[in-house]
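Peer 1: Construct the entire structure; sequences and hints are all you get.
Protein chains in written order, with the numbering used here: chain R, 1 to 397; chain W, 1001 to 1235.
Read the hints as simulated data drawn from the structure, not as lab findings.
Using 27 angstroms as the maximum straight-line C-alpha spacing, the simulated DSSO-like pairs for lysine-lysine come out as follows:
| # | chain 1 | residue 1 | chain 2 | residue 2 |
| --- | --- | --- | --- | --- |
| 1 | W | Lys1120 | R | Lys141 |
| 2 | R | Lys141 | W | Lys1209 |
| 3 | W | Lys1126 | W | Lys1139 |
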Amino acid sequence: MLVANPNIPEDVRAVAADGTQLRYKLMELSAQYPDAIALGRGDPDLATPAHIIEAAKIAMRDGHMGSTPVAGLPELREAIAEKLRAENGLPVERDNVIITTGGQEGLYLVMQTLLDEGDEVLVPDPRYTSYDEAIASAGGKMVLVPTTHEDAFNLRPEAIEAAITPKTKVILIITPSNPTSGIVTEDRLRAIAEIAVRHNLIVISDEIYEKFLFDGWKHFSIGSIPGMADRTITLNGFSKTYAMTGFRVGYAAAPLDFIQAMTRVKAATTGAAASVSQWAALAAQTGTQAPIREFHRIYAERRKLMMNGLTDLGLDYSDPRGAFFLWTNSSSTGIQATELAYLLLKEGRVLIFPGNAFGEKWGGYLRISVLQSTDLLTEALERMRPIIERYRAQESS
Amino acid sequence: MSATLARPLARRVIGLPDPVENTTALPVPEGVIDAAYEALDKGHTHYTDRPGILPLRTQIVNALNQQYVLDLNPDAVTITCGATEARFVALKQLAPAGSTVLHTGKSDALQAAAQLIGVKLTKTTKHPENVSLVYLTPKDDPAKISAWCAQAVTLGWWVLWDVSGGLTGHFHPARLDALAPQVITVGSFSNALPGWRVGWMAGSKAATKLRAYKQSMTICTTSVSQWAALGLEDN
Chain R
1 MLVANPNIPE DVRAVAADGT QLRYKLMELS AQYPDAIALG RGDPDLATPA
51 HIIEAAKIAM RDGHMGSTPV AGLPELREAI AEKLRAENGL PVERDNVIIT
101 TGGQEGLYLV MQTLLDEGDE VLVPDPRYTS YDEAIASAGG KMVLVPTTHE
151 DAFNLRPEAI EAAITPKTKV ILIITPSNPT SGIVTEDRLR AIAEIAVRHN
201 LIVISDEIYE KFLFDGWKHF SIGSIPGMAD RTITLNGFSK TYAMTGFRVG
251 YAAAPLDFIQ AMTRVKAATT GAAASVSQWA ALAAQTGTQA PIREFHRIYA
301 ERRKLMMNGL TDLGLDYSDP RGAFFLWTNS SSTGIQATEL AYLLLKEGRV
351 LIFPGNAFGE KWGGYLRISV LQSTDLLTEA LERMRPIIER YRAQESS
Chain W
1001 MSATLARPLA RRVIGLPDPV ENTTALPVPE GVIDAAYEAL DKGHTHYTDR
1051 PGILPLRTQI VNALNQQYVL DLNPDAVTIT CGATEARFVA LKQLAPAGST
1101 VLHTGKSDAL QAAAQLIGVK LTKTTKHPEN VSLVYLTPKD DPAKISAWCA
1151 QAVTLGWWVL WDVSGGLTGH FHPARLDALA PQVITVGSFS NALPGWRVGW
1201 MAGSKAATKL RAYKQSMTIC TTSVSQWAAL GLEDN
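Peer 2: And the structure:
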């Protein structure tokens, strides 16, 4: 239906089956409208905290502009290890940590270091489609594990168990989740850990949104469960937490042999992360954490506003327990999400990503970010209203 | 924590060489630091566009035009995390596993990447049918460059022209009209700015595909580094 839809331009239709390319295409179109309100990309609109900027400048002033070791600045690796021990309960030392050029590179390197041709990776559906690319690039096979709206997109251990085959090597966990903003709760993580041990599987735990949970939900790291340390690779980064996406600093924590091999892969593919960025990240990690608390307060306020606004529009969304997104059921409009996203952009000047950019079967959903001021979010909701109502009226007539 | 992961690592990483660490810091021109400060003060601390910032891509096409009389559009340029990422992306996307990559001499920059991708490096054209890509630098023997470029036209090989050692000489394989769509130029700012991790890849009919793959690896290159590299122009 999408392929033939005359309401969608050819260049959008051409990439509609590729989630990543579809998101970039919509961002490209959005750039044509200076008044567009961007609720698409997960790039915090808030300014990077001043002490992090200052640290970058001091690094330059002090001449820290040569390459760092490929695995990263020793001081930063040490600070991250300390954080992972204290906050996440992971039994790691400096040598268990590698600095990556952003969280996405962490994921890429992990797959290259871990997967052989045909190895299967269990991935929750819906998902951020960069996982697809990282797995495919390493010759792996993605096996989708269903999650549901009714269950707040929590991962069900029995669904994981049902998807395991002799070729399964990895369970991928993303908590909080992009795009659903659901989390995997501690009880489920403990059950999943038991499955991983019983089937001798590796767990990759992407925890990039760990600092942004709401309504009393708490983050829990699966790698802290006894018996999981030697089968868990934890991914995280500074981009989302500290609003510093452009610095490109992420990290992975894992057993020593894995980190050493991953370092060799990194040397062959991209080299060390930028030096000044790593010094900035060190300030983020070791400096005041007050800005994160303020970011959390701001996101909580925006999230509430958007939840109320969507309810007013008659749109249902899953329980957003973490991250920056409202995973919104748009099926009541009667039109497919790519078409709806395109019309919201063209007619309403609001950029929102369609659900099918996060998995083929999610064409009845939208991913709406709250990474704009409350004024702009209010304006976006007002712009969306007539379009949603018009299509819903057409659908019911 | 145990020293080893509970499952074996991928076969492709077995025997990969340890990184050659070079953490020497060079004096950085004042214009670079000024540009970096200005970028930070202006809030350029978030993702850049996927291809990289337009002024830097424009600077690169201008430099290529000045040195080689190449007429490229900035849209054909992608800023990468050093030349290392550019070379890897080109090899990964254009040289299928099992194929052969032809080169004239030292191949240190390619060896680990070739192992990861599963391509074979060779210095001879004994089996031209297996060659997918030829790796050349301006320092290579001109006679060999000329002969292999001619073969590349006939046999459809990709040409990876690595100028990360500097824009030198005046010959460029993309000046050959029949070959231009198959030529990817790779360059770097690392000679002057080693710790900033800024490189680039330019040209060819595969430019969009290469850019998409770079995006899948690292999204974009460090913003402040890109702005800093722009500050080199004044130097």
